[in-house]
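Enquirer: Below are the chains, spelled out letter by letter.
Number of protein chains: 2
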Amino acid sequence: MFKIRSLITALALAGSVSAASAWEALPTAAPAPEDNPTTDAKVELGQMLFHDPRLMSVNGRISCSSCHNTMIGGDDTLTTSFGHNNQAGGRNAPTVWNAAFNKVQFWDGRAASLEEQAAGPVINPIEMGMKSWDEVVARFKPIEGYRKAFEKAFGDATISQDTVTKAIAAYERTLITPNSAYDKYVSGDKSALTEQQVRGMNKMAELGCTGCHSGPAFNGPGVFQKFPVMENGYFEAQYHFKKDKGRAEVTKKTEDEHFWKVPTLRNIAFTAPYFHNGSVKTLREAVKIMAKVQLGKDLSKDEIADIVAFLNGLTGEFPRQKMPLLPMIPDVSQN
Amino acid sequence: MFKIRSLITALALAGSVSAASAWEALPTAAPAPEDNPTTDAKVELGQMLFHDPRLMSVNGRISCSSCHNTMIGGDDTLTTSFGHNNQAGGRNAPTVWNAAFNKVQFWDGRAASLEEQAAGPVINPIEMGMKSWDEVVARFKPIEGYRKAFEKAFGDATISQDTVTKAIAAYERTLITPNSAYDKYVSGDKSALTEQQVRGMNKMAELGCTGCHSGPAFNGPGVFQKFPVMENGYFEAQYHFKKDKGRAEVTKKTEDEHFWKVPTLRNIAFTAPYFHNGSVKTLREAVKIMAKVQLGKDLSKDEIADIVAFLNGLTGEFPRQKMPLLPMIPDVSQN
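In the order they appear, the protein sequences are chains A and B.
For what it's worth, the working numbering labels the leading residue of the first sequence as 1, then goes sequentially.
For what it's worth, the working numbering labels the leading residue of the second sequence as 1, then goes sequentially.
Certain hints may be false.
Which copy is meant is left open, because identical chains are indistinguishable; a pair holds if it fits in one copy or across any two.
[Said to hold, decoys possible] Here are the computed lysine-lysine pairs in the DSS-like style, where the Cα-Cα straight-line distance is at most 30 Å:
#, residue 1, residue 2
1, K203, K184
2, K245, K190
3, K322, K141
4, K281, K141
5, K141, K131
6, K322, K184
7, K322, K152
8, K242, K226
9, K281, K148
10, K301, K141
11, K148, K226
12, K184, K152
13, K131, K281
14, K148, K190
15, K203, K281
16, K148, K242
17, K297, K148
18, K245, K148
19, K148, K184
20, K322, K242
21, K292, K131
22, K252, K131
Bear in mind the hints are in silico, worked out from the structure with no lab data behind them.
Predicted model only: the values in this text are computed from it and were never measured.
Please build the complete structure, drawing on both the sequences and the hints.
Expert: This is the structure in structure tokens:
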């Protein structure tokens with residue numbers, strides 16, 4: 001299926017699909033899988049788990065929010081993130097805001113759902129570094145506050161990888177940033193974007209950016225896309241994009257080399273640095289690179305400025321959350 | 001003045017002061033210094049600053065909340081904290097909850113106020129690692145969201161060490177946990193503590209614990225106290241309390257060796273591990289050690305259990321905060 005989607009994307013990229021009809025506002029709610037309906041109790045528990053550094057990282061210092069900080073743009077603003085023992089990860093932390101609208105998760109798309117994604121970093125030796133999910137579950141067991149929260153969310157107090165990741169995913173499905181200037185514009189308020197932003201928007205369609213970046217989250221219609229499509233020694237020397245083989249690192253297939261999940265453009269002005277390796281610091285440079293290596297176009301300074309202005313119009317309203325209060329860990333030792 | 005207070009403490013320790021009259025509930029508001037009255041705008045800004053890892057640490061990864069986490073007991077649950085380049089600090093992170101009621105700040109009391117305390121870790125090379133406050137201020141300058149928040153809090157948009165630390169201190173003055181079982185008990189609800197807890201409470205007065213740990217925050221009437229008072233080879237071999245000279249590290253005076261700020265007992269069940277070096281994992285062991293090395297008493301298992309039960313009654317109600325939304329950092333580079 002992925003191959004077919006890539007083909008469709010490639011066609012869209014070639015300009016055969018009219019992008020104008022693809023301008024869509026961001027939904028204010030995300031669909032949930034049948035076996036994990038979103039409920040208040042699950043969201044509340046998921047928010048606790050997402051922010052708890054004590055239980056899911058081997059050193060007790062790393063939570064999901066360490067790298068996916070929802071007080072900012074849903075990432076950590078670093079080139080690549082740091083995990084257990086200060087080890088640097090190989091890729092830039094993707095934003096958790098609107099991740100519910102990703103078709104796959106991780107840069108290489110190796111998780112099909114938010115639930116599956118949530119299970120990964122916990123037992124990744126260079127991220128949270130737990131040995132196994134059994135070890136995670138054992139840490140939770142003595143904590144009455146968590147037992148009660150799991151019971152409220154799932155009907156019984158059983159704590160498992162399944163319930164932990166379901167709760168986290170349910171919480172993440174609420175992390176949506178609607179009502180950007182762009183959303184207001186496409187919903188009828190023609191004053192919501194400036195003239196320059198509208199120029200940038202039309203330029204993106206004209207250039208073919210929307211071949212990959214359209215739809216409500218600007219991450220479709222395809223799922224994966226090659227990056228860079230065209231060889232460019234100048235950028236490669238600076239940014240080393242091709243060091244990482246992307247999806248092929250998972251599938252081990254030559255034809256997947258340098259294929260990546262198409263990332264959302266939502267809140268992109270708030271999620272520097274850019275690309276899978278976080279090597280590019282500014283949105284101007286990122287736009288310039290994308291036009292050149294994906295579409296073979298050299299943009300003028302003004303064209304870049306227009307597109308950047310439009311991309312700034314994709315910054316949404318971040319819901320004001322309540323800060324979770326995490327349960328006390330009782331002293332169960334014998335001394 | 002400190003010497004006089006230590007003397008008073010020593011007298012209290014000797015049992016000459018009746019502790020019974022010292023049982024007091026925690027105030028629900030903390031007094032503020034004349035030059036930094038607490039206002040909503042200052043508290044809101046201070047909460048943002050307290051939680052922002054991007055601007056006040058050299059690696060962009062450490063905020064005040066990294067070690068003083070208000071989603072839990074106001075600390076980090078670690079033996080000692082970790083700072084820039086994964087360097088381990090030498091002392092256990094004290095809780096920020098009710099820190100407004102400390103008479104001095106830091107374990108060695110080297111800061112006289114919350115404002116003064118807040119300035120320290122930012123430019124400590126093994127904590128947040130910034131070179132200077134000028135460097136901190138320069139990072140804030142381009143950020144419109146912060147300029148506006150400073151203007152709202154202080155009447156103008158000038159950002160300085162003075163205003164940053166004042167805002168953080170104003171926020172910290174709101175971090176109060178009233179209405180513990182103990183508070184309810186001393187306010188007249190005699191059913192709020194169990195019989196065992198009341199036994200533990202009376203035992204603390206009888207033993208003389210309250211000589212140092214009384215008043216609303218259980219950290220007075222004195223300011224500093226020697227720890228350990230009595231030599232104990234057995235505990236010293238296990239916990240190395242005397243490796244760190246405490247207040248003498250600051251004053252360089254022999255008579256200050258192993259003197260420490262008397263820490264609050266509020267929420268102590270939630271702030272393991274214990275003591276200045278975080279070497280003791282359980283409250284039972286901490287109580288046993290304190291009775292032995294401070295008061296020369298060997299407690300029975302039941303006496304320890306009673307006191308621990310009472311100390312659990314000092315866990316207050318943690319106010320449910322709103323999570324701050326931190327301002328976007330604009331791209332001000334030229335490429």
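Enquirer: Would you mind marking each hint as holding or not holding in the structure?
Expert: Status of the hints after comparison with the structure:
Only within a single protomer do K203 and K184 lie at most 30 Å apart by alpha-carbon distance; the minimum there is 19 Å, versus 66 Å between protomers. Proximity of K245 and K190 under a CA criterion of 30 Å is satisfied in neither setting, with 42 Å inside one chain copy and 68 Å between copies. For a Cα distance limit of 30 Å, the shortest separation of K322 from K141 qualifies both inside one copy, at 25 Å, and across copies, at 28 Å. Taking the shortest alpha-carbon separations for K281 and K141, only the inter-copy value of 19 Å comes in at or below 30 Å, while the best intra-copy value is 43 Å.
In this assembly of identical chains, the alpha carbons of K141 and K131 lie at most 30 Å apart only when taken from the same copy (17 Å versus 44 Å across copies). Both within a single protomer and between protomers do K322 and K184 lie at most 30 Å apart by alpha-carbon distance, with minima of 26 Å and 27 Å respectively. Proximity of K322 to K152 under the C-alpha cut-off of 30 Å is found in both arrangements, the shortest distances being 19 Å within a copy and 23 Å between copies. With identical chains, the CA atoms of K242 and K226 are at most 30 Å apart within one copy only, with a shortest distance of 11 Å there and 61 Å across copies.
Taking identical chains as interchangeable, the C-alpha atoms of K281 and K148 lie at most 30 Å apart only when they sit on different chains, with a minimum of 25 Å there against 44 Å within one chain. For a Cα distance limit of 30 Å, the shortest separation of K301 from K141 across copies, 26 Å, qualifies, whereas the shortest one inside one copy, 58 Å, does not. For a Cα distance limit of 30 Å, the shortest separation of K148 from K226 qualifies neither inside one copy, at 46 Å, nor across copies, at 42 Å. In this assembly of identical chains, K184 and K152 lie within 30 Å of each other by CA distance solely across copies; the values are 28 Å between and 37 Å within a copy.
When the C-alpha separation of K131 and K281 is checked against a cutoff of 30 Å, the pair qualifies only between copies, where the shortest distance is 23 Å, while the shortest distance within a copy is 35 Å. For the identical chains of this complex, K148 and K190 are inter-copy neighbours only, at 28 Å across copies versus 49 Å inside a copy, given an alpha-carbon limit of 30 Å. Taking the closest pair of Cα atoms, K203 and K281 come within 30 Å of each other only inside a single copy of the chain (22 Å); across copies the shortest separation is 62 Å, beyond that limit. Taking the shortest alpha-carbon separations for K148 and K242, neither the intra-copy value of 48 Å nor the inter-copy value of 42 Å comes in at or below 30 Å.
Proximity of K297 to K148 under the C-alpha cut-off of 30 Å is found in neither arrangement, the shortest distances being 57 Å within a copy and 40 Å between copies. Proximity of K245 and K148 under a CA criterion of 30 Å is satisfied in neither setting, with 44 Å inside one chain copy and 44 Å between copies. In this assembly of identical chains, the alpha carbons of K148 and K184 lie at most 30 Å apart only when taken from different copies (25 Å versus 41 Å within one copy). Taking the closest pair of Cα atoms, K322 and K242 never come within 30 Å of each other, the shortest separation being 41 Å inside a single copy and 42 Å across copies.
In this homomeric assembly, K292 and K131 never come within 30 Å of each other (Cα to Cα): the closest approach is 43 Å inside a single copy and 40 Å across copies. Proximity of K252 and K131 under a CA criterion of 30 Å is satisfied intra-copy only: 25 Å inside one chain copy versus 46 Å between copies.
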